[in-house]
Amino acid sequence: MAVVALGCGRSDAPGNPAPAAGQGAPQRGGTLVVGAITDADAWNEYVSQQTTAINLLRRIYLRLAQEQGDTKDHPPSFQPLLANTWSFGGDGLTLTFRLRGGAWSDGTPITANDVRFTWKAQTSPEVAWPGASSKERIKDVRAVDATTVEFVFDRAYPEMLADAVEGGIVPEHVFGKVPFKDWRTHDWSTAGIGSGPFLLSSWKPGEEIALVRNPRYLDPVRPYVDGVVVRVVPDMGNLQTQLLSGSVDLIDGVSPADAKRLDGARGASLIPYDNPMFDYIGWNGAKPPFDDPAVRRALTLAIDREAVVDDLLFGYGRVSAGPLLSSWWPADATLKPWPYDPQEAERILTQKGYGRDHPLKLELMSNAGNRLREAVAVKVQEQLAKVGVAATPRTVEMRALREASASGRYDAYIGGWRFSGKLDLKSIFGSGSLPPGGSNVVAYRSPETDRLIGALGTATDWRGAKSAYAQIARQLHSDQPYTFLYEAERLVAIGPRVRGAVVDVPADPFARLERIWLAR
Amino acid sequence: MLTATFVLVEAAPGTAADLLAEERPLPPEARARLEAAFGLDRPPLARYGAWIAAAARGDLGWSTSRGRPVSQVLGAALPATLLLAGCGLTVQLVLGLSLGTLHVWRPRGGVDHVASVAGLTVASVPTFWLGLMAILALAYRLPLFPPSSSHSIGAEAWSPAARALDAVWHAALPGAVLGVGAAAALARYVRAGLLRALGEGFVRAAKARGVPPGTLVVRHALRATLPPIVTLTGISLPTLVSGSLVVEVVFGRPGMGRLAYDAVLARDLPVVLGTVLAGTVLVVAGTLAADLGLAWADPRARAAVAGGG
Chain A
4 MAVVALGCGR
14 SDAPGNPAPA
24 AGQGAPQRGG
34 TLVVGAITDA
44 DAWNEYVSQQ
54 TTAINLLRRI
64 YLRLAQEQGD
74 TKDHPPSFQP
84 LLANTWSFGG
94 DGLTLTFRLR
104 GGAWSDGTPI
114 TANDVRFTWK
124 AQTSPEVAWP
134 GASSKERIKD
144 VRAVDATTVE
154 FVFDRAYPEM
164 LADAVEGGIV
174 PEHVFGKVPF
184 KDWRTHDWST
194 AGIGSGPFLL
204 SSWKPGEEIA
214 LVRNPRYLDP
224 VRPYVDGVVV
234 RVVPDMGNLQ
244 TQLLSGSVDL
254 IDGVSPADAK
264 RLDGARGASL
274 IPYDNPMFDY
284 IGWNGAKPPF
294 DDPAVRRALT
304 LAIDREAVVD
314 DLLFGYGRVS
324 AGPLLSSWWP
334 ADATLKPWPY
344 DPQEAERILT
354 QKGYGRDHPL
364 KLELMSNAGN
374 RLREAVAVKV
384 QEQLAKVGVA
394 ATPRTVEMRA
404 LREASASGRY
414 DAYIGGWRFS
424 GKLDLKSIFG
434 SGSLPPGGSN
444 VVAYRSPETD
454 RLIGALGTAT
464 DWRGAKSAYA
474 QIARQLHSDQ
484 PYTFLYEAER
494 LVAIGPRVRG
504 AVVDVPADPF
514 ARLERIWLAR
Chain B
23 MLTATFVLVE
33 AAPGTAADLL
43 AEERPLPPEA
53 RARLEAAFGL
63 DRPPLARYGA
73 WIAAAARGDL
83 GWSTSRGRPV
93 SQVLGAALPA
103 TLLLAGCGLT
113 VQLVLGLSLG
123 TLHVWRPRGG
133 VDHVASVAGL
143 TVASVPTFWL
153 GLMAILALAY
163 RLPLFPPSSS
173 HSIGAEAWSP
183 AARALDAVWH
193 AALPGAVLGV
203 GAAAALARYV
213 RAGLLRALGE
223 GFVRAAKARG
233 VPPGTLVVRH
243 ALRATLPPIV
253 TLTGISLPTL
263 VSGSLVVEVV
273 FGRPGMGRLA
283 YDAVLARDLP
293 VVLGTVLAGT
303 VLVVAGTLAA
313 DLGLAWADPR
323 ARAAVAGGG
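First to last, the sequence lines map onto chains A and B.
The working numbering applies: residue 4 is where the first sequence begins, and numbers increase by one.
The working numbering applies: residue 23 is where the second sequence begins, and numbers increase by one.
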């Protein structure tokens, strides 16, 4: 992931911000006002579904260590948070963390028992945490002593550390009072506790979230701002107006179409950052002629994805070569996206019996409310028409699209996959993940890909895994179950008084909230 | 009504568990665990029966999208909507009655025509556009009103009077946007009523007695047009509440309209059912208020009630 900073240089030590030249010394005080179009749903990371809540919860309940954005050439490095150090045992199956010995905001010490309790919650079927698969290889978590905790794995693999630290540690003495079966029907906004730089002060659903500084935050350098207020306004136009008028300091998720207007207007500026996500066109592999890889390749060749990135993303993104994001270490830099070659596309389609007199007709669905994908559908329609393919864009509600794609009643749809931490290729391309339960809605079946995904599961180090990833990527590149469209960047807009804003953790604009300060 | 709502939400594609799966690869076993956690592994009839039984005991269930009991969620949203509707109603009545009266000052004269065209234009403009323009003009270019929310940051620490003033200040602009369209319609209604009343014998008699024109319109003709206006206003109360959705979204205010909209998108069935229940109660309350208002404004209605007719 690219490290993008504005107003402040990057520092690897937590809470040790180094102001960039010309920004002056950080000032303390003030309230940072963040604008968001979606509200939180629950104040417990393990039952919450909303990105806003989950990103803020990460500033309230710290993890053992924080994944960094340096994932381009190797797996991410990790910055100590609740844990000071960690080491693998001689058998390679145990991972031992030593805690820093801090305290919860109520003064209770943070102990190894909290870590063990959190693991129990993460793996509880009653809690049903969607990220529980990251813990499936962890057989036990043992509290060796108050500040030493040991994770025991059933086998060694490259992402052991990432899986162990996934999820914030929650306090057993508070969360343990609520049985796991009641976690989804408990109001966690009143817990009033945390280990991170901020604590939840108040929550007015549908309107406002207020965070205050945690007086017991374990890092000696306290957050610069006194508090953070998240104003929930579901209309992006209103939020942008508020940013320009100074009522709001920071907005995440500005559309590329609005970027040019906002950048530089009234002192506002933009921070683009890599979003671990790609958009694609999924072809119905269970329906002729889309079950033919040659036809799918021809359709890919007929779509000018560079033009899509230039015209619709306004340059904030790049053409996608496959499911392995270009900013992640598994990506193979030598694998290039299929080029835009309408002549070759037309030649293949003619060979398959299609032409101007007998055009290939298809319906291209996209989810309502996603204006970018709606525009992409129209552009793809225009491009496919040049090779004699009659595509009809159709916009449907998201869940209707999911149901249509899961039941196989479609030709093609525009979708996207977002990854958190790991790439779950088995769920989207494995022949064992077909609908209705699985996410392989394009009904892609390839014994070779299945074999390679299986081999990936047995790799014990990241270099071995990278080789397996590369082979999978080449197989998918050849088969084109999807036309991989683009990896779009996400944009944060900040107002003129914001300093020290930095996005150096994958897809988390709030990861360095404590480093932000407000100029007066 | 509740059964129809339940059937409609159930018939729509997808479930609340899909929210989690959206654009994130989810292993089949994780999806099954989630559906069980949401109670979606039970038959729809069993879930609806359980909800009805609990609702009869005053328990409206748990909101999956807001992480709180539905009764708390409704309790938080209702006052915000009522304040907004109150502001909207005030604007509707003040502006509607004033413009309607202005219309008949010189019937078919210049003022009448200008007011008619202006009223029709405002009534035709979509509320979301009017809201955005109001924000641009009166919260951004000329920052007289706050652009969003229902209170200032840190208002919790203020005195009750300051908090109340702050709440009204925040509700004023969205309330005006909500009320102005309805005011244009009311003005047309008042105009027609006044023109009819001005031709009635009792008004002509008052005019013959030398009653000044202003008093004639306000004290005699306008009073005669009040009963249908009171009925219209009472009936429009639920419409104001449900019509607040667009205003609540554009101004980022909490409220019943936005709550129902968000709940439908999030497949938060208990909240959808709760908002329908609350909406039904509001319709009944609005109709009752209209009847009481009519009895106050129209002595004939009062006499009919007193006489049992």
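Careful, some of the hints might be misleading.
[Said to hold, decoys possible] To be clear about the criterion: a stretch of chain B counts as covered by chain A if any three or more of its residues have a C-beta under 8 Å from a C-beta of chain A, and this derived list gives those stretches: (1) 78-89; (2) 160-169; (3) 269-278; (4) 313-320.
These aren't lab readings, by the way, just hints derived from the structure by calculation.
Heads up, the beta-carbon is just placed ideally off N, CA and C, and yes, glycines get one too.
* Asked: Any of the earlier hints contradicted here, and which numbers?
  -> The structure conflicts with hint 4 only, although it agrees with all the remaining ones.
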